[in-house]
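A.B. asks: Protein chains in written order, with my numbering: chain A, 62 to 471; chain B, 4 to 171.
Among the clues, some could well be false.
Unchecked claim - The calculated BS3-like cross-link candidates involving lysine-lysine, where the alpha carbons are at most 27 angstroms apart (straight line), are: (1) A:K281 / B:K12; (2) A:K391 / B:K48; (3) A:K391 / A:K165; (4) A:K130 / A:K370.
These aren't lab readings, by the way, just hints derived from the structure by calculation.
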Amino acid sequence: MTLQQVELTSDDLRHLVSQRALDGETVLLNMGPQHPSTHGVLRLLLELDGETVVNCIPDIGFLHTGIEKNIEAKTYEKSEVMTDRLDYLNTMGNNLVYCLAIEKLVDLDVPARAQTIRILFTELQRIASHLVWLGTAALDLAAMSVFLYCFRERERILDMMEMASGQRMMTTYFRPGGLWRDLPEEFIPTLEQFLDDLPARIDQYEDLLTHNPIFIDRTKGIGVLTEEQALGYSITGPTLRGSGIAYDIRRAHPYAGYENYEFDIITEEGGDCYARYLVRIREMRESIRIIRQAIARLEDGPVRSNNRKFVPPPRSELGTSMEAVIHHFKLWTEGFPAPADSVYVPVESPRGELGVFLEGDGGPKPYRCYWRTPSFVNLQVLPLLSKGHFVADLVAIIGSIDIVLGDTDR
Amino acid sequence: MNGFSAILKGMWTTFKSMFEGPVTIQYPEVKRPVRRRFKGRHELKRYENGLEKCIGCSLCAAACPADAIFVEASENTDEQRFSPGERYASTYEINMLRCIFCGYCEDACPTEAIILGDNYELSFTDRAQSIYTREKLLNPVGPSGQATPQQVPAGMFDRSIPVMVDPD
Chain A
62 MTLQQVELTS DDLRHLVSQR ALDGETVLLN MGPQHPSTHG VLRLLLELDG
112 ETVVNCIPDI GFLHTGIEKN IEAKTYEKSE VMTDRLDYLN TMGNNLVYCL
162 AIEKLVDLDV PARAQTIRIL FTELQRIASH LVWLGTAALD LAAMSVFLYC
212 FRERERILDM MEMASGQRMM TTYFRPGGLW RDLPEEFIPT LEQFLDDLPA
262 RIDQYEDLLT HNPIFIDRTK GIGVLTEEQA LGYSITGPTL RGSGIAYDIR
312 RAHPYAGYEN YEFDIITEEG GDCYARYLVR IREMRESIRI IRQAIARLED
362 GPVRSNNRKF VPPPRSELGT SMEAVIHHFK LWTEGFPAPA DSVYVPVESP
412 RGELGVFLEG DGGPKPYRCY WRTPSFVNLQ VLPLLSKGHF VADLVAIIGS
462 IDIVLGDTDR
Chain B
4 MNGFSAILKG MWTTFKSMFE GPVTIQYPEV KRPVRRRFKG RHELKRYENG
54 LEKCIGCSLC AAACPADAIF VEASENTDEQ RFSPGERYAS TYEINMLRCI
104 FCGYCEDACP TEAIILGDNY ELSFTDRAQS IYTREKLLNP VGPSGQATPQ
154 QVPAGMFDRS IPVMVDPD
């Protein structure tokens, strides 16, 4: 086999390929961007010695949508709809970090009820994201029924999101200064029913996987990430905690009121695919615990700030107050100005540290918006993890670091 | 737990699930009811007397993050009245290929004229069909209303923004 089998589209990739490959001693194989196990549109250029991966060069950018630049072209509130489309498995979390950044930039208050509902939904979203991860990562290892069961439960979460926000995925439910609307009446009973059912469902997934010898053979000792490597590559999230480091932004730099909740930081020793699997399974149980605390803390009250300079007035005021109409028109056409200042806000997304850097210039649009996305940073460890493993194990490793390409390429 | 019993346990789990009812539905024969707040295809609402709620203020177009809405307003007269107040939307177009169904138009509308309804079955065979015009979006006139334009007594419909309650 010769080099002609792979089309190297850029010279940047060519210089990464070793001399052995150019001489034809090893095989170059193109994996993706349409390969189903790459969890989106990730292209991998593999250098193989037989079945063993000698080198792996990730080529990203197939899902680049220019979201950062688009956000800079729109007002603060209007660009929030784009944050949903970054990491499409963590829409509420993206909304949250973006709203937190705006609130920090313009110094906007958030009512207590809104804070609690925000935590409730981000944890619900974490469960949904981990369910998708579990389903697809297990499917990559040919465990078909886990996928079906996980999506069955995730569907119920999406239904609850539709109940509250009107959309299953692209919710835009959190808004600067609070929430879009309060929770509907039927929401809390539905959620409690779901929380009662979920632990048994997680047991069901564990029955299928945790002690299954095939699953253990495919994941234990595969893709081992040591503590030093994890810290050296700035890995965050469950991938880091699977290597035994107890770092969670919810605890290290509490935001949105997480300091008032009791939860454990889940860690596992081992640093392999199996440890990362266990971390995510246990995190789902931990999220249930946080949601139950949030339900107990829910108190009546407004869900959006009353600051008319940043938050449009309620509809009931429009027919009676001239001031309200003026604020309403000003906010929906011009937006609100933010000071010439910069903020960085990190949150713990299901994948790791999700941060947004916003710089205002005194006008209604950000001068610069930068997203520190966990998938992008965590993906960099893939070549390190995959060296020396089989191609089939590479699929397990991609699955275990839980990347979302919308998040990577943004 | 040894490997053999772990596999048996897994098999038992899948075996049991055969007796749980299916969670899938046979779309399109069976349709899942949508939730009350669902954001589907837009509708332009009318008052009970048949007048259009839209006053052509273009706030929906200004609020739209996807720039999917185009509104052109014309003057109302008491002989030819489409909506309360001075103006009405003589052209109202939504490009459904651009629309992302975020609901900002509904939030921005000061008269509750545009509502995201229940219909999610939007399909077209060419790009021109994706432009939903005013005629397509406007709700039909109710039983107690008249078609627009209406001839009305002078000074009866001067107020363009009604008194509303907060949506739930």
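A.B. asks: Each hint should be assessed against the structure and marked as holding or not.
C.D. replies: Status of each hint after checking the structure:
1. A:K281 / B:K12: Holds. K281 (chain A) to K12 (chain B) sits at ~20 angstroms (cutoff 27 angstroms).
2. A:K391 / B:K48: Given pair K391 (chain A), K48 (chain B) holds - Cα atoms ~24 angstroms apart, limit 27 angstroms.
3. A:K391 / A:K165: holds (22 angstroms)
4. A:K130 / A:K370: holds (25 angstroms)
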